Amino acid sequence: MQVSTHELKSKIIESLKLQDITPDQIDDDAPLFGTGLGLDSIDALELVVLLEKDYGIVIKDIEEGRPAFRSVKTLADFIAAKRPQ
Amino acid sequence: MNEVSIFAASVVNPADLAATHLVRRLGQRFGRLDLQSQLALLAVESLELDFSGWARDRIGICLATGTGSLSTDVSFWQGWNGVGGPSPTLFAYTLPSAAIGEIAIHYKLTGPNLCFVGDDQIVLPEAFDLIRRGEADGCVCIFSEVVSVELAKIIPATPAASAWAIFLKRGDGLHKLREFDRDMKALCTLIFQIKSAV
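Here the protein sequences come in this chain order: A and B.
Residue 5 in the working numbering sits at position 5 of the first sequence; the count goes up by one each step and never skips.
Residue 1160 in the working numbering sits at position 160 of the second sequence; the count goes up by one each step and never skips.
Excised from the complex, chain B in its bound form (with noise of 0.2 Å):
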């Protein structure tokens, strides 16, 4: 069975961190993540997968960040002018991977995980090599885009903030992926449109 297909979609923005059943779900600490890894672990959730049953060892995450963690990066820069410094907190997330760590730790994951900083259009080409090389059986794919408002003022850039997530496995889903499936955003809308049809 070489065919792998996306299973779940989901796209979320700071507006879904309100809802208190799924953010509730993720622990007494999803408070002190920085804002990409509380939208990139709160997509990861939206997809109401269940691993158990899985080897946590055979699912892999990939991650690509449109602006790394140039947003914390700003927030932690700019808490030098504070007294005490910046929050040691924040330091943690001054890593574009930082958010592939948060859903790995939440979900127990142990599989290969990749980070790319750049657009959503890598994320599901290299995933799907995982599971097609025998790496993964399946894989949490998300794509982030933060841009804060004060890195906005640095970078040629407006300010966003949303996460998508597809999760990728062998069989067949609610899309069979192809070599040239790489528009995640478009393909999460796609698969918004199949749900709501059936």
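Chain A on its own, in the form it takes in the complex (with noise of 0.2 Å):
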């Protein structure tokens, strides 16, 4: 079931507890990383806590990890695949 990217906005924000921006600021294709969000990574390590928490996806292999971390739309993707049923 393909998730919502404004939802997986909203609790990536609540999550690294991001000031100042809301789910319409954050481009569905922008990268998460160095540029676009500018996330690091502490917030990779939260954001996989985050997988686990709300979605029960536990990520074992960082490779595996990886190309679903490239943007709220890799990661959103990576979600429907993963989400247990």
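No lab work stands behind these hints, which were simulated from the structure alone.
Hints may be right or wrong, so weigh each one.
Computed beta-carbon distance windows for the label pairs [what the hints assert, rightly or not]:
#, chain 1, residue 1, chain 2, residue 2, range
1, A, R66, B, N1002, 50 to 60 Å
2, B, E1150, A, G34, 33 to 43 Å
3, A, S10, B, G1027, 19 to 29 Å
4, B, R1178, A, R66, 51 to 61 Å
None of these values were measured; they are calculated from a predicted model.
For each residue, glycine too, the CB sits at the ideal point set by N, CA and C.
Two chains, two separate frames, one set of hints: put the complex together.
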């Protein structure tokens, strides 16, 4: 089941305690790390915890998760593909 | 010029975190800091210092924290009870000196830094020595005290949260520091009285 990118962005903002930013200000295709949202390695770990807590997805292999963390869109697609039914 | 003086002082508590104009200046990532780092950073921002024109490697940071990172340690430990484990972000703050790092990063201060776990009496003499020995031209001094409700259930302490900050540098300021000036909280109060009288 596809995940709403708006909902996912809200969860990211809440989980990472981002200030002065709304879901509408985050581009679905913008990079999450480096440029774009400018997240760092600690944020990546926090997103791994978010996936487990909110979507029941456990990332055991970092190589598996790496492409998923490119953007909100790729993360939403990853959740849709891996989410337990 | 061997005199060292207090040039600015501030005190903040959690209610001040709602002071949006100051918090906004601290950036989008301020929210992820633990309470101790937030209060310490906000206390320094409240000093209204302008570091432009300073050699950033000549400004020290001295921090004393009443209970170290114990409140954050407890929060982190309690996170093990939830799905996915504790917050990785919180882990970064399970060090008493974490606030020094946040202050150093935000203001790009690369001078010497010192961290003490204890009361507010040790910071000013150590900062005074740093400047007097010529290792720094100025020093940001902070005392923070954070005892969460959860921590107060474990140690004999009352829940509390506040941070005091003082900026010391060479020259004539609001108050010339003397060898026996140790009480940071009292000196902050004195500085507020001096400023309100001006």
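Hints breached by this structure: Violated: none.
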